[in-house]
Amino acid sequence: MKKIFGGLLFSLLTLSASGQLIFVEAGKVISSFDYKDSNGNSLGKLTTSTQNNMGGGFRWSLFHSPWHITVGAAYNKYVAKGSDPVLGNYYEWEVAYLGANVGVDYEFFRPKITQNEQHGFSFYIRGSIATDFLVKGTQQLNNQVFNLIGKEEFNKPVYFLKAGVGLNYYISKKFILFGEYTGGQSFLIGNYKNQEQLRYTTHNISVGLAVNLIYAN
Amino acid sequence: MKQIFLLALSLFVMVDLFGQSQGISYQAVIIDKNPQEIPGVDISGNILPNHAMQVRFTILDALGTIEYQEEQSTTTDAYGMINLTIGLGTVTAASPNTFIEIDWNGAPKDLKVDISLSGTDLFYTDFSFQPLTFLPYAYHKNITATGSMIIDGVTNLKSRLNVTNGSPTFLSGRLTVDSAAILQNELTVNAKSNLKGQVTINAALAGDKSNYDSYPLRVEGGTQGLAVKITGSRSSSNNFVTFWDDEKIQGRIEGQTTAELLSDPEYIFDNVLFANEILRSTVDVAKAVAGVVSASSSSTVCAGLGACVTAPIPSLIVGAAAQLVMDIANLALGVAAPIIYNVSKHANIGITYQSGAGDYAEWLPKLDLTEKFFPGDIVGVKGGQISKSTENADHFMVISQKPIVLGNMPQENRESSYEKVAFMGQVPVKVIGKVQIGDYILPSGSNNGTGIAVSPDNMQPDQYQKIVGVAWSSSESLQYDYINVAVGLNANDGARLAIKQEQKINAQAAEISALKEQINQMNAVLSQVVPNYATLMESNQPKNASPTAAKPPENGVAGERTIIYYDVTKEQILEGIDLAEKTLREKGVDISTNPFFVKLNTEPGYKDSFVSDVVATIKNQLNITYEQEVKSGARVIRF
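Chains C and V, in that order, give the protein sequences. At position 147 of the first sequence the residue is numbered 146 (numbering that gives the first Met the number 0), and the sequence of numbers has no breaks. At position 134 of the second sequence the residue is numbered 133 (numbering that gives the first Met the number 0), and the sequence of numbers has no breaks.
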C-alpha cells in the first residue's frame, strides 16, 4: 500500500502544473459502526450520528482531460451509540481521525473558457482511498469513560474506500464552488486475531471552494 | 471449549424456614467471568441471564469430609439469579446422609458449591466455598451449640425445652406459664409473691409435732407472723382459718359481728353474772343506808323520862357513813365492770375461735408422777400440783379431754409429768349417780377421780368450796357417766351463799327484835302484877351494861323504850368519805382506778351532789324508821 501511495504521489508531482487547484471543504459526516465479536455476534443496531468534518487538498487535471487526481487531508469525527437491554449495558464511542486521501475523478460537462472567463456547472464522480489516524477518542461504558488511545481496535490506521459524486459551479475561471457526496467503507479495523470485526461506514456531504492556481496569478 | 463461561459469583446463602419443607435457602447471582467483546474496552461483570445450569451442593465437616451432597438443575432468571433450597435436590452417591440426617453438632461446617453451565454434559467447576456461619435450620434434628447462642427475635419452641446438667436458667423478664407448672425441687422466690389461685401444700411430711421440719407450712423471716385477710366484712360465715381432719371440720377461727356477739351464749352468761353482782352490791348499799340510820340513833329502855336518855355516838355515824361510801363505790365498780366489759367486747369484735373442744386448760404438774389420769377425772390441786386425792385440796378441777387452748406448756419431753387440767369452759366429768342439769358437781371423796352431783338446794356451806362445776347435762345412770360440766364459772356461788345467810340473819334479827319487844311487854305486865319485880330485875342487870342497854324503870314501873334520832349532817358524810378512802388505802385498794372515787374527786360539783343525795336518802330512811317506831309505841326523840 505504501508503495502504491508513494508512486501515485510522485506521478502527481511530475505532471504538468496546468489545471492545478487547491480547495477547502467542510460538511457533515454520518458514521456508523459495524461490529461483530469473535463469536460472530453483533452488537445489534448501533445508532448513527452526524458530525462535522473538514478537509482540503490539491486537484490536478491530467493533461487537460476530464480526469483529475485529488490529494487531500481531512479531519473526521465519528460517533456511534448502542445499548444491550438484556444485560443492561450502554456504550458510546466518539473518535476523531486525521486522514489523507487520494482519488481520481472524472468531470462531465466542464464549461469552456469563453472571453477569458469560465462559467457554468459540471459534475463529477470520484473514487478514492483514504487512511485515517486516530487523534482523539473516548468510549463511554455505562457510567464509565475510557480513553481509546492505544486500545486494540484503535491503535492502527483505518483504511477507507470511498466513492462519490459532486457538482462544480465555475464562478470564474479562478474559483469553483462545489458540493459533493462521498460514501465510504473502511476495511477491518484493529486486531483481527480473535476475529472481532469492526468497520466504519461513512456518508459525507460537504461543500467547498476550489481555486485554480494557474489563473490565480 | 471456546464458550466456556468462567463465572465469578455473587453468592447469598441464608437459612430459612419453609413452612412444611426443610432445607437451607440458597440464592446466588451468576456473573459472566469473560468480558463482553465490544470495540475498545470490553465489558466485564455481566450477569448470565436465562441460562440453564447444574448446581452441586456439598456440606463438609471440619476435616473436609463430605457429610452431604446433592445436585440440582436450574436456570438463571432474567437477572442472572438462582434460588434454590439445599436439601431438596437429588442426593448424590457420594453423600453418606440425607439432609435431615446431618448432625448439626456445633462443629464448623463448610458449604462447597460447584456449577456446570453446560446444558447437556456435566462439567462442574468450583463456584464457591464458604463456612456455614448461620445456625442451620434443623426441624427434626437436635442442635448442639458449644458456645453461646443469642437469638434476638421471638423464639417459638414447639416441643419440650430441657435445660440439663443442672444448669441454671435466668429470665430477666416476666415468665408466663399458661399451663400447669411442676417444680420437682425447691422453689425460692426472692421477691413478693402473688398467688391468685388456690394454693394447696401437699407435703407428705412425717415427724413429731415438736420438730420444726414436720410442718408443711412455715412462716418465718419477719417480725410478724401470719396475716389472713378475707374479702368483705367479717361474720360467722367467714372463717379466717378452718381446721379439718379426715372426718370433718374440727375448729375454726371465724369473724364475729355485733349481732353475733349479742347472741353469743358466753356473752349473755357474763352479763347475767354482772347483773347478779350489781344486785348484790345494791343490797349492800341498802344495808349500809340502814346502818347509817341505825348508827344515828340510840335506843334506851327507860323507866322514866330524861335520866335514861343517851345520844348516838358520832364516831359510829361517821363509820357507818364510811361504810356506805365504800358500798356505793363497790356498787359503782359493779356497774362499771359490765360497762367496761361490754365496751371492751364491742370494741374487740373481730374473730372468735371455735372448736369442738370446749375448755381452756393448762398443764399442771402431777404430785405423784406414777399416778395415772384420764380425761374427766376430778383432781385436787395442792400447791399447784394435782392428785386424785381431793382431801385437803386447795382447788377441785378436772382433767381436760381436748382443750381449745392449752397453756403453761411444759418443757420438751416432760409432758408425762404433767396433765391438761381444765380451767374454764365445758369439759366432760366422770360423775357417779343421777345428775340433773344445774346440779353442782363435787368430788365424790373416793379419791378415784369421780364426782357426785348435789342440787343447789341441798348444798351445805362447807360444800361450796368443793364445787368443781355445774352440770350442763343430765344422767339417769346409777353408775358413773360422763357429764358435760361447766367449770371455772362458780366465783359468785359463794356470794349467793352469803346473800342467803344474810337473809337468814336478817330474819333472825327481826325475830329477836320481836322477842325483845315481847319480853319488854311481859316485863311491863309483870312489874304491874308482881311486887318488887322491877327491883329484882334491876339488881339482876349486869354492871357493865352498855349505855344503850335498857334499864328497868326506877319507880318500879316498866319504862317505855325511848329512841333518839339525830339527823346525819353533810359534814359527817364528808368525814365518812375521807374515812372510806383512808380505810381502802390501808387495805391496799387503788382508789385512783375506782370509777366512783375518780368521779368524786375529779368531777366538779359531784361530791356536793353526792353528799346531798346521801343525806337525803338517809333522811328518807330515817323518816320511814321514825314512823315505824312511833307506830310501835316507842318514845322517839329526833334532833
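What the hints contain is simulated information worked out from the structure, not anything from laboratory work. Warning: the hint list may mix true and false statements.
Said to hold, decoys possible - Distance ranges between label pairs, derived from CB positions: (1) Pro34(V) - Lys80(C): 15 to 21 angstroms; (2) Phe174(C) - Gly44(V): 30 to 36 angstroms; (3) Asn40(C) - Gln26(V): 26 to 32 angstroms; (4) Ser41(C) - Ile99(V): 35 to 41 angstroms.
Please read all numbers here as calculations on a predicted model, not as lab measurements. Heads up, the beta-carbon is just placed ideally off N, CA and C, and yes, glycines get one too.
Structure-based check of each hint:
{"no.": "1", "hint": "Pro34(V) - Lys80(C): 15 to 21 angstroms", "result": "20 angstroms, holds"}
{"no.": "2", "hint": "Phe174(C) - Gly44(V): 30 to 36 angstroms", "result": "58 angstroms, violated"}
{"no.": "3", "hint": "Asn40(C) - Gln26(V): 26 to 32 angstroms", "result": "29 angstroms, holds"}
{"no.": "4", "hint": "Ser41(C) - Ile99(V): 35 to 41 angstroms", "result": "51 angstroms, violated"}
In the structure shown, a violation is registered for the earlier hints numbered 2, 4, in ascending order.
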